[in-house]
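S.K.: Sequence:
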Amino acid sequence: LYMYLYFTNLGYDVRIIAGNLDLEKETYSQCDHVWVWVDGGTTLGDLPYDWGYFYNDEQHSYGYVINYRELLRRVINDQ
-13 LYMYLYFTNL GYDVRIIAGN LDLEKETYSQ CDHVWVWVDG GTTLGDLPYD WGYFYNDEQH
47 SYGYVINYRE LLRRVINDQ
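Reminder that position 46 of the sequence shown reads as 32 in this note's numbering, one-by-one numbering, no gaps.
Heads up, some of the hints might be wrong.
Unchecked claim - Restraint ranges, calculated between C-beta atoms of paired labels, are given here: (1) Val51 x Asp8: 13 to 21 Å; (2) Arg59 x Asn(-5): 34 to 42 Å; (3) Asn53 x Lys11: 28 to 36 Å; (4) Ile62 x Thr28: 34 to 42 Å; (5) Asn63 x Thr28: 35 to 43 Å; (6) Asp64 x Thr29: 16 to 24 Å; (7) Gln16 x Leu(-4): 27 to 35 Å; (8) Asp32 x Glu56: 13 to 21 Å; (9) Arg59 x Thr28: 27 to 35 Å; (10) Gln16 x Tyr41: 14 to 22 Å; (11) Arg59 x Thr29: 15 to 23 Å; (12) Thr28 x Asp8: 28 to 36 Å; (13) Asn63 x Leu30: 29 to 37 Å; (14) Tyr14 x Leu(-13): 30 to 38 Å.
Since the hints were derived computationally from the structure, they do not count as laboratory data.
Predicted, not measured: the structure shown is a model, and the values here were computed from it.
Where a beta carbon is used, it is the ideal one built from N, C-alpha and C, also for glycine.
All chains should be modelled from the sequences, with the hints used to inform the complete structure.
M.R.: Quick look at the structure:
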């Protein structure tokens, strides 16, 4: 939630991604983690950020795009 708000307040286009970092080709119901893809423009493409850090690994390159409302639901359920 913080990373989404941080980058959108700076004016970046951000997509919220749900996935499972312990699995490959996970189904949507297996997703247990969220991170963001920040639009780095035509040269850089989508930049994955998780827990405040940039990740350039394959696992952060895949996932399901979710909306802000779904993000809030996941945050509430995580407490």
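S.K.: Run every hint past the structure and note whether it holds.
M.R.: These are the hints, each one checked on the structure:
Between Val51 and Asp8 the beta carbons are some 20 Å apart, a value that agrees with the proposed interval 13 to 21 Å. Checking the proposed 34 to 42 Å range against Arg59 and Asn(-5) shows it is violated: the Cβ atoms sit about 21 Å from each other. Between Asn53 and Lys11 the beta carbon distance is about 22 Å. The supplied range of 28 to 36 Å is therefore violated. Taking 34 to 42 Å as the suggested C-beta distance range, the pair Ile62 and Thr28 conforms, at roughly 36 Å.
Hint check: Asn63 to Thr28, Cβ distance near 36 Å, so the stated range 35 to 43 Å holds. In this structure the supplied range 16 to 24 Å is violated for Asp64 paired with Thr29, their Cβ-Cβ distance being about 34 Å. Against the hinted window of 27 to 35 Å, the Cβ-Cβ separation of Gln16 and Leu(-4) comes to about 32 Å, which satisfies the hint. Evaluation of the 13 to 21 Å hint for Asp32 and Glu56 yields a pass: the beta carbon distance comes to about 19 Å.
For the pair Arg59 and Thr28, the beta carbons lie near 33 Å from each other, so the given range of 27 to 35 Å is met. Taking 14 to 22 Å as the suggested C-beta distance range, the pair Gln16 and Tyr41 conforms, at roughly 19 Å. A beta carbon spacing of about 34 Å between Arg59 and Thr29 contradicts the range 15 to 23 Å that was offered as a hint. The hinted window of 28 to 36 Å between Thr28 and Asp8 holds, with their beta carbons roughly 32 Å apart.
Range check, Asn63 to Leu30: Cβ separation about 33 Å, and the 29 to 37 Å hint holds. A beta carbon spacing of about 20 Å between Tyr14 and Leu(-13) contradicts the range 30 to 38 Å that was offered as a hint.
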